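J.: Take a look at the letters that make up each chain.
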Amino acid sequence: MIDIIRSEWTKIRSVRSTVWTLAVTALLMLGLSALLGAASANSADEPMPGGDAVAMSLSGSMFASLSMAALGVLVISAEYRTGGIRTSLMAVPRRLRLLTGKIVVFTAVALVVCVAASAGAIAVGVAITRPPSVEMAEVVRASLGCGLYLSTCGLFGLGLGTLVRHTPGAIVAAVALILVLPPMTNQLPGEWGRVVAEFFTTNAGALVVFGRSGEYLGPWSGFGVYLAWIAVAVAAGAILLHRRDA
Amino acid sequence: MTAIRATNLSKRYGRTLAVADLSFDVEPGQVTGFLGPNGAGKSTTMRMILGLDRPSGGSVLVDGRPYAELRHPLRKVGALLDAKAVHCGRSARDHLLAIAQSNGIPAARVAEVLETVGLTAVARRRIGGFSLGMAQRLGIAAALLGDPKILLFDEPVNGLDPDGILWIRTLMRRLAAEGRAVFVSSHLMSEMAQTADHLVVIGRGRLIADTSVREFIGRSSQGYVRVRSPRLAEVAELVKIGELRPDHLRVTAMTPLEIGTLAARAGIPLEELTYVQPSLEAAYMELTKDSLEFTS
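Protein sequence lines correspond, in order, to chains H and L.
For the record, in the first sequence the residue sitting at position 8 is 8 according to the UniProt record's numbering, with numbers rising by one throughout.
For the record, in the second sequence the residue sitting at position 1 is 1 according to the UniProt record's numbering, with numbers rising by one throughout.
Chain L with its partners taken away, still in its complex shape (with noise of 0.2 Å):
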């Protein structure tokens, strides 16, 4: 069954739209990568997947159903938004204990959860001393709690050293694995290629692709080869399809080999001829670059 379905989901704030008619759906087994600039409707579209900002338009369904109707909600969904929103002044025992409580999760389960996170030695400190990282992983403990089916993470790795988005990254993979939905927002496509097998792009609050991961590298983006030559004229000449910029030449539908050989037959000396590998990061500013909020 469809984890989230999301159908003509629309929010406005004001005279702001900030999500506009996005459906979509996030399928179990696999983690999906929720892309677009910052300030595209990421949060704003979890949130309304969490039943805590109610839709101008549209619906969506999380497990068939609104959140708001499920009875036990932490169960089926887990969810870190933002891992500094807590009570300062609680431990992180209690803390979770409270959530727990709230969904009838024996409170054996705390300390599971804080073991799988590696927060077991500081479960009686108050979350006031945490740093980020402890925090974060504080918050996916707490999505944890209900050993749930469906996890959305909004922007997990933001602000953590190497070792915490390794660890979150790995972490993300096993979820997906289990066979459990893995719904990440991430603002870095380097990130995404990095973790997700599905691709939800938005920006200014429309859908952009809703696709794999390696249809979308296929999709929009294409390798290409290299030129450099003091001749560089010569060499656009004989290849003819070849597009010149002002430094270098960039073909896309020969390979370097062929150039290579028809400069060699023609004797005209090359400096640089090399292929360039298509990148994800270059699909996706080539994707977003007209839908971002803000440009410098």
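Isolated chain H (complex conformation) (with noise of 0.2 Å):
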């Protein structure tokens, strides 16, 4: 398994996409909270409380969720679309083996990417807002949620990309189930409608970026239940690629 974890890590850091697709992320999550923060520092009078700032420098992840979903969706779809899957699974036949070294790497990579990039915009936000104080541990827990959400968005998209093998489509997929469709189902009637708008994917997942508890769910249920939405793509693709042809 080393020796897979290895060559993806190889095949991760040596396309341009990669570093593309992540520092479009970094500058997202930055480049957000430096422009709420400096338009909320201009209109009020007086400073915003520390866990509100924190909260806003966290506004960037609902754009980076797609950046991060794009690099997940290429991992897979562009050995699909070069043919480059079949030298893959020539030299790991074993493809579920594949698809977890994948993971893993992509996993990792994006934690520590995701992680930073959310301290780092915290750390801008609150640069800029002046809040008369911060919790420390509010801090830790924002940046680990929120680079943890981003980061399980990536491996949303990796699952459908497994599942749909074609780079727009699983692309498409991804914008539709994690930016699209999550507010719509707000608008559903009803109790069960509620319960529908709470459990669906980002809806349940971001709860955890922002510390935030639902009817139902809190931050870490919350999240739980959108690693299950996750969990669902990846073995519908990992079932598909162990079966299909390649």
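Any given hint could be a false lead.
[Claimed, not checked] Chain H side only, calculated, beta carbon under 10 Å to chain L, not exhaustive: (1) Ile2; (2) Ser7; (3) Thr10; (4) Glu79; (5) Gly84; (6) Arg86; (7) Asp245.
[Said to hold, decoys possible] Derived contacts from chain L toward chain H, CB cut-off under 7 Å, selection only: (8) Asp82; (9) Ala107; (10) Ala108; (11) Ala111; (12) Glu115; (13) Val117.
It is worth saying that the hints were derived from the structure and are not from the lab.
No experiment lies behind these values; they were computed from the predicted model shown.
Idealized CB from N, CA, C, for every residue including glycine.
The task is to assemble the complex, starting from two chains supplied on their own in separate frames and drawing on the hints.
T.: Structure follows, in structure tokens:
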């Protein structure tokens, strides 16, 4: 397994799309934090409370989730586009091991970059808005929470990429499931509508970013629900990868 | 030990039977040509050998085991399927390094195989800028990485210039001489005539011939003598066993000398008396004419 991980590391570090999507992710996090921080520092008379300043600093996560999902998609769909998947499967005919290698390497890279970008975004936001006090524990929780959330958005993309095998198709699916459909579920009527909305993909997943609780889910249980969605996408992709001709 | 053994191998795509009940062996120490018209099922068979496509029936063993059960497959089997199936953004070196690492092959091998195929100077360049010939060499470098005993090449000379073709031909001969099993597909008989020792010929997914190149030529095509004369009908009468064509006579069982002597005795002038060599291409066309998927 360590051989496969080494190989996947070489693959992910040696293409420009990795550098680009990670740079875009970091830029979105830091840039939106600076932008919104400056806007609120100019308009408000009093400094923002610490908790609000931290939450505002992470506003970029809404868009950064998409650049991470795009990277996740590309990790596998680029191999299908080029036909390189056949080379990969000739080298590692046990297909689920290949997928596991990709997941491990992608998750590790994503976590490092996303936690750092989240911490950086908070630092930028707090430096600009200058709240009276900021709890260190809150900063750590938010950085980890946001980093985890963004990384798992990438895993969602990797699962969808394995399932769809086609870059544009998988990216459309990821945008729909991460950004477009979740706010739409909020319009569902009745008690059941509220349950569906709260449990729907990033509606549940983003609770951990802002440390909020919903009607039914807390930050971490919400994140758990999001992980279940991702597990379904990855498992479906894994089954098809195992069964289909390459 | 037999390098590759296919037993009643079949592959069905929907209602099309791409490969049907195909059995053959590939032995070490020789180049085995895998020959058939376009669409005969050669690539499908190669993908099944490599565990990429699942057979609909039958089985294929590589070094005695299904490909997927080999622990470090690239150390046993090297293959070039499609030279252009690589990520354009990666350098040649990184491309090979990732493949080497996946099978625990030391990184030093990357430089060695790059040297073997003559790509050392462009090792750090992005593959996207490679010509087809360079991509083909890169694919062969990848196949050689694990120093495998069994090599598969799918149409390796397609689109190559004469230099490249000669290089690949020489390489395949050398690999076989080193005791490796080399299995190479082509739709060109002339190409195989110069490289292969053994032939597996298929058409429409079915086995047509599994024989040595020498036997193949001997069995399926004979030389003949072409005779032209202003009095062709009289010559035909004279030799009795000829096959009369519109503008010439085709004789298989007599030598030019015998025919010429007969004609001279009868005082018949001859316009042409030529021995026509048996052609491998002709033998191949003869064999596969019934199995062409599309004919013009």
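J.: Give a verdict on every hint.
T.: Structure-based check of each hint:
This hint holds: H:Ile2 has a C-beta 9 Å from the nearest C-beta of chain L, less than the 10 Å allowed. A distance limit of 10 Å between C-beta atoms decides the matter here; for H:Ser7 the minimum to chain L is near 4 Å, and the interface restraint holds. For H:Thr10, the shortest C-beta to C-beta distance to chain L is roughly 4 Å, which falls under 10 Å, so the interface hint holds. This hint holds: H:Glu79 has a C-beta 7 Å from the nearest C-beta of chain L, less than the 10 Å allowed.
For the restraint placing H:Gly84 at the interface with chain L, the shortest Cβ-Cβ distance is roughly 5 Å, inside the 10 Å limit, so the hint holds. A distance limit of 10 Å between C-beta atoms decides the matter here; for H:Arg86 the minimum to chain L is near 6 Å, and the interface restraint holds. With a least beta-carbon distance of about 4 Å to chain L, the hint placing H:Asp245 at the interface is held under the 10 Å criterion. Annotation: interface hint on L:Asp82 holds; nearest CB of chain H at approximately 6 Å, less than 7 Å.
Interface restraint check: L:Ala107 against chain H, minimum CB-CB distance 10 Å, threshold 7 Å, status violated. Using the Cβ-Cβ criterion of 7 Å, the hint placing L:Ala108 at the interface with chain H is not satisfied: the shortest such distance is roughly 15 Å. With a least beta-carbon distance of about 15 Å to chain H, the hint placing L:Ala111 at the interface is violated under the 7 Å criterion. Annotation: L:Glu115 was flagged as interfacial toward chain H, and the flag is violated, the nearest CB pair being 20 Å apart, outside 7 Å.
With 7 Å as the threshold, the beta carbon of L:Val117 stays out of range of chain H, its nearest partner Cβ sitting at about 16 Å, so the hint is violated.
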